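Asks: Protein chains in written order, with this note's numbering: chain A, 1 to 664; chain H, 665 to 1010; chain P, 1011 to 1225.
A hint or two may mislead.
[What the hints assert, rightly or not] For lysine-lysine, the following DSSO-like pairs were computed, each having C-alpha atoms within a straight-line distance of at most 30 Å: (1) Lys834/H / Lys811/H; (2) Lys1192/P / Lys1035/P; (3) Lys834/H / Lys1010/H; (4) Lys930/H / Lys834/H; (5) Lys1187/P / Lys33/A; (6) Lys1122/P / Lys1020/P; (7) Lys1020/P / Lys1116/P; (8) Lys1149/P / Lys173/A; (9) Lys33/A / Lys1192/P.
Note that these hints are calculated values from the structure, not bench results.
Keep in mind that this is a model prediction, so the values were computed, not measured.
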Amino acid sequence: MKDADLSKKQSSSLTEARINDELRALESTWSDKPGIIGWLSTTDHKRVGFRMVFTAFCFFTFGGILAGLMRLQLSLPGNNFLGPDMYNQIFTTHGSTMMFLFAVPVMEGMGIYFVPLMIGTRTLAFPRLNILGYYTYLFGGLLLFFGLLLNIGPDAGWFAYVPLSGPEYGIGKRVDLWSQMVSLTEISALIASTNIIVTVMKLRAPGMSLNRIPLFVWSEVITAVMVIFAMPAVMIGSSLLSMDRLTNVSTHFFNQAEGGDPIMWQHLFWFFGHPEVYIIFIPATGMVSMIITTFSRRKTFGYTALVLTMVATAFIGFGVWVHHMFVTPLPQLGQSIFTASSMLIVVPNGVQIFCWLATLWLGRWNLKTPLVFILGFFGVFVMGGLTGVMLASLPLDTQLHDTYFVVAHFHYVLIGGAVFPLFGAVYYWFPKFCGRMLNEAAGIAHCILFFVGFELVFFPMHILGLIGMPRRVYTYLPETGWGDLNMLASIGAAVMVIATLIFFINAIYSWFWGRVAAADPWGADTLEWSLPSPIPQYAFQYQPVVQGRHAVWEQTADSPVVTGLHINNREVVATSIHDAVPDHRYGVQGPSIMPFVVSVITGAMFVGFMFTPWSLPLGMIALFFGFLGWFWSNSVEHRPPYAPLEDNPVYDDPADYKPAEAAV
Amino acid sequence: MTRISSNLKAASLLAPASVFFAACGHGNQSAVEPSGLQAEHLSFLWWMFLAITAAVYVAVMVILVAAFFRTRRAVAEDDAELSPDPLREKRASSVVKAAVAVTVLTMFALMLVSFRTGRALDTLSQAQTPLEIKVTGQQWWWQIEYKDPTPSNMVTTANEIHIPVGRPIKLELVSHDVIHSFWAPNFHGKKDLIPNYPTTLFFRADEPGVYWGQCAEFCGFEHAKMRFMVIAEPQEDFDRWYSASQQPAPEPVTDSQKFGRDIFLKSVCTQCHTIQGTPANGRVGPNLTHVAGKPYIASGSLPNDRENLANWIADPQAIKPGIRMPMNTYSPEELNALVDYIQSLK
Amino acid sequence: MTNEDFIGRKTLDVSELPSTMFDDKANLWWGNNWGLAIETTVFGILIALYFSVRMSISQWLPPRTTPGLPVLQNPLPDLTFPTVVLIIFLISLAPAIYLDLSARRKDIFGIKVGLVLTLAFNIVLLVCRYYEFDTLHFKWNDNAYGSVTWTILGMHMIHLFVMAAEDLYVMLWTFIKGVDDKHRLDLTVAAVYWYWIVATWVLLYLLVFWGPRIL
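Bound conformation, chain A alone (with noise of 0.2 Å):
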């Protein structure tokens, strides 16, 4: 489709007068009530992403701490300010939180809030569903949270394998807190990602054709592809080991005396579970991508190369999981496939580090901090994927596998890997949350410490793993010789956490009181910086017309805007997937309380799952009323004096139906 087709519909009807009007309209379609209500009911996706990310590094912050505790107990041989019913249940929450609690609701948090307006546009495809993923995180998380502080929380690893976590030897209701809380960060996670892939494929401002979309909406959209297929797997696997244990229910899924299978549980697991550190690392990557084209001024190298990867890296990212249970006696010739499968997700990787080192190579740097936390990405993650690859080996994993060495690899691929990128990108995109800008002094000196804590925290662990030392071990005897170490990684923790505390202080001064910024400070290429910082409600003022990859670059005085939406209803364009000629006009509802009741229920259904198998029927019930309120309410009809869909008559005879009619 040439942008020439899109010109036929131009006229040059925009004065002053009709654009004042337009954005007094504007600004009141698309604003959220006022007090508690509004703030509970928004459907505003720039909230919602922007709550989401900072819940997240809420939870981040809960499970460094927890990780600083274990890093005190470990500090010592035979150290006693942990006993193992605590540090078990410390680690296990350590891990859950960081993977569930943080690491997927950021990445999705972040997309939640940057994907609409990256594809100039000004919401999601699903609005309300969109907070209600939101409260069903919070509580999941809140579900773990409150289990930990009143000493019940899970003990059995944030991978929970049977036997232990089972009915028999999983004593109390600890798993079944963990079951639950994976259930509805799940749920949350398959919502988000349902409402980004339709978003992106629909909803994209005219022009932006398939191959003109922005890395970092690719990694989402990709990422968003592999929830869908892989968050399945741990719910089905976490709602069966709850029916094993409940004693009303007692299932055998797991029970091997009635033909039930241990294995199966890690089979369920990983399958999710490899694919989860991809649906981190992913989007991860799109923020590199990002980052690096607006720090090199100038365009990535190998867009089509990098989108092509991360597909790749997503497609092999499915066939790999037995790589995590090489030492169970599975048959070694299966298991030998996966070594192959392992060693060749390497490659698309490999083509992500060359086109990025490309693209540096080839461009003038703004060594800002944005670029100088992907310096440290590159210094970290690529030595985690190269102990990946030695963990790939299957021989050479059997002395591997459950070591300490296992610890540090998947610190330097996911801090490395996501945490890096993630800061980065919070720098970067700060000026857009808030319109002011954070300080650069202490944002190089919380990136070096935070490198210098982190290398400090687990170059030691590759060692200690070598020389003997398991995984989720509360202690250790003196005569290892495992002291030095683990206290030399206990002082690194103490300057990760100098580091991090300096990242909260520098944003939360510079929030209230940091640098102004302008609309676009880093002189970047992606829609979100044509929008004022901090953005309106209705983010557009008119959609634009995007004229080429690299949207605000090849902007010229000349691109079109979208014009004669309805102002009085929430609507932007909707276009076709190939090459986003617009094709209708999308109306979305407004704000509505119903998802935060739908919520209420849903996770009250699920902590009563812990007890009763009654839980379920009687919270669908509940349900029923809640989505016939959701359903029910219709806030455009509801928000005088805004005129109802002018052209969505009711009616009941066909003939009153008016020409302008819905294309079937």
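Chain A is already provided as a structure; the job is to place chains H and P on it using the hints.
Replies: Structure of chains H and P alone, referenced to chain A:
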């Protein structure tokens, strides 16, 4: 038998690294100080992978640092380059393609080396007459049973595996409760013990010594203290130990020891523990017939001296909370006698 | 961009475009299909689980040793009643297709009739599903086979409940507020959900009721 890894280590630039490894820890629970054939193969694989991946890392970092120094700086207001010089782009494209090709070849090579090592590890399983030992993992200790065609000749012990140097060992690994993992890094990689999934592990000790292993799959409260020793000794020493272990417990000599035995036989101890030659034949806990000869108790987590033994018997929950052995209330004289008796069980 | 940037700019006027489109042009249709992709994955995993249980149990089918009931060697699930239910499922496609087409043709009467019929079939099938559990001859807590088959039937039953709820919502709206374009789209999307429910049941029926006989 060739010491492949030591040749490679010496030849490689990683020799300093291996010295560094040796400086951390004592080398008797270490994958990089192999003392047996299987671990030798794996150690070779480790150093090979380390050498190649380290080279890749250095290469990437060199490029990054070079880019840092040779690129010019820019500011946000500078125009972005949307139409860069096509010749430079093409050159960069060729470099990237070459790098991808190198990556693919490297991965392939590593995969082949890995498979070769896997095959090499299998040869020991063809051994004709391995020494067969059954290892049962349970929360949170290891039961070791030496298989013998004559059942009365079988030796049962706990948390300690004596083996003759140079002979192939076949371990049968089973679990009765949750998933455990047997890992003696000086000899081989680990294997998971999954209930109802018996599995085998073949290895061979090539250097005498005392080595450690521990459970490597999270199995509950005291996973951290589920350790075991592997004592590799010359064949004659092993034979001597084996026949001594086949004997029932020595008769108590002193009055205190006799009194101690009486206390033992009247206490709940007999519900869980076996002492051959006495009526005590509990199978729940470790076999105590020759416990006094062992350097560690409590699954390798407590040195076996008088004071530790007394504390352990009186209140094992204080040392290893969560295990199945209960507290025992004895008067000081009773405890003293009991310890005397236990310490006589050589 | 600020107000000044917009003055006199070329515009792309979309006011003539409709506000509802159907099928692959509609966001709701895509949202529904991605949701169905999730649910299909769920059933895919349950099917794989069924086969895994099959391989774990040496004697297939395991003998029924429920206390209070006679021991039954190789208790195959009944075939008659489940096959009748399958036929009812297939017949139920007709009112759903009728509803779908009426919604597209703006046939108000057809929509209302279609809604009532679809809901009626839905309720009948829910009742049938309740009795279908007994045809398995095992309870969910007898063994892993009982657990997985009850879960498969139960998960599908949950979909029947959700579909009934969706039916009720649209029915209430249609009868009380009338039909408009957005809700015509809802009707076509609900019909897709029903087609999916029937299609998955065909596969699951074959697995659960014919699987033990053929495999």
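Asks: Which earlier hints can't be squared with this structure?
Replies: Violated hints (numbers, rising): 4, 6, 7; every other hint is consistent with the structure.
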